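Chain B: place on chain A using the hints.
Listed in order, the protein sequences are those of chains A and B.
Under my numbering, the first residue of the first sequence is numbered 320, with each subsequent residue one higher.
Under my numbering, the first residue of the second sequence is numbered 320, with each subsequent residue one higher.
All copies of an identical chain are treated as equivalent in the list; a pair is satisfied when it fits inside any one copy or across any two copies.
Within a straight-line C-alpha distance of at most 25 Å, the following computed DMTMM-like cross-link-like pairs (lysine to aspartate or glutamate) qualify:
no., residue 1, residue 2
1, K605, E459
2, K378, D390
3, K378, E340
4, K572, E588
5, K378, E416
The set of hints was computed from the structure by calculation and includes no laboratory data.
Note that the structure is a prediction, hence the values are computed from the model and not measured.
Protein chains: 2
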Amino acid sequence: MRAIVYTAAGGPEVIALREVETPAPRAGELRVRVAATALNRADVIQRLGAYPAPPGVAKDVPGLEFSGVVDAVGAGVDAGWLGREVCGIAGGGTYAEYVCVNEGCVFDRPEGVGLIESAAIAEAFVTAHDALVTLGGAREGSAVLVHAVGSGVGVAVVQIARAMGARVIGTARTESKRARAMSYGLEAAVDGGEFEPLVRERFASGADVIVDFVGANYLAANVRLLAARGRLIVVGLLGGSQGEIDLGLLLRKRARLEGTVLRSRSDAEKSLAVRAFCEWAAPHWKTGALRPVIDRVMTLEQAAEAQVAMSANENFGKIVLRV
Amino acid sequence: MRAIVYTAAGGPEVIALREVETPAPRAGELRVRVAATALNRADVIQRLGAYPAPPGVAKDVPGLEFSGVVDAVGAGVDAGWLGREVCGIAGGGTYAEYVCVNEGCVFDRPEGVGLIESAAIAEAFVTAHDALVTLGGAREGSAVLVHAVGSGVGVAVVQIARAMGARVIGTARTESKRARAMSYGLEAAVDGGEFEPLVRERFASGADVIVDFVGANYLAANVRLLAARGRLIVVGLLGGSQGEIDLGLLLRKRARLEGTVLRSRSDAEKSLAVRAFCEWAAPHWKTGALRPVIDRVMTLEQAAEAQVAMSANENFGKIVLRV
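Chain A extracted, bound-state conformation:
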């Protein structure tokens, strides 16, 4: 099969389209003929050599999510999967014509979302739901702050929060991203460099949940903005990892800081996160409250160009690669 391979650690020049062996599904896995994959920051971090693939996953083929058609099943997997149009998450290997993943990490593409577009659902929405709801405890009426709201996960957080009746403020670095994010139901959008006064004014009691992709740079302000019993869920570290924290504030607020990643989880844990999202989301796909947000659709051959665009923060929502 054709696949994108990282030939070494480095810049976009290490990205090559190669002929590699088509994987065969192991017990508990199914194989998907990939229709499309979508980009994640982790793809670039892996390319730079800082985020090796977890055990049992293709080492050199990047990619954490996909849409496609099930074309083979491993031992113990229901043959009823064959031919179904699905999307899902993987530990790696989705920049390819075929990928094998655990059955629990796959779900039927929602009605009303096309097969290519469905490639932009799984990683963003499962991560967002897990961070906002499972870890963050958001519910109707919660005051939610989302940083980097123009990212795929960021705008998924906004959609999920709005669908459950939470209030949401988002930060983004450019005016055009803030304007686009507002159309998804944000109460307010503000520059990432100066969000504290506005959030304080709008959320008089503080933020019940903060979903953060920035890390160290925003840590002190985030802790200051948390409500009593608020939760700061850190999903990314675009602004560095070594931060200062006022533990006194954390105590007085009885607040929580939690770090999370999806990729390194066991299949069983991923499956739980996928099921939790799918169960909650089912009615919301039908009303249109949820929809994948796609910046552009490119091709597998354009993987290098696509990663350069993401690294430059050009995109609003997901960059999809048609396979």
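This is chain B only, laid out in the frame that chain A set:
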């Protein structure tokens, strides 16, 4: 009634024994003729002016826990409480002959523990159970690290952890405290200045739960020592509040940092924490797995001397004041 009053913010010299008005129970409250109270760090912090009493609580009379006999009940409280020997937690005001507290913050003194000794149970054990189990998620087999293991809460954490079959390492600054803590079932005790190598050696996968009273000084080492999905519960800040944290480690481990205090909670929340502890503890009082650890019993008149001893970290376990 007689009560200890803080006449101003300051050193032990602001502590005075005064005649004050005996409180009357409000709706939902009962009044306890106090047999004894016990010291907490918060008493000293309040004396220094840095920890004002929460609303609805005596401003100038310190004290967060007590044992005694119920002698009056407010509206809506079962008269069956009258005459019962109880212990419990309060938002303040227990350095006194009488204290009024919400019914949910009181429980019957355990069989086999004397009335005076019971003054050393509530704050230490409820805080310990809440931090270790409710927030920390400790269970049979968990690897637990407890700092300042000679404190009242510290040694309560050890007892609870051992009673549920967890492994425990404790830190303390003096050899004699470490030796005494070992007798409560610690797997190892180590100096607070150099705990990292020993914990790493004993807990190969890291600590599942860390209960910390030190804060900033230990923060970096604590985060390094956490296991995957480990939880660091910060209960005190003896070592400062402004700390450095490696968010990258927190993400990779999917770890959690949470601050907690008992005193500022609503009566309903305190009641939940009290009930959770009492329900879990009932069988363990009978077997002797739990017992209040008392450093010394003094009198209300000796409150200043007692606080000086606690501030000098002289005590192992609780300092009790007979009223």
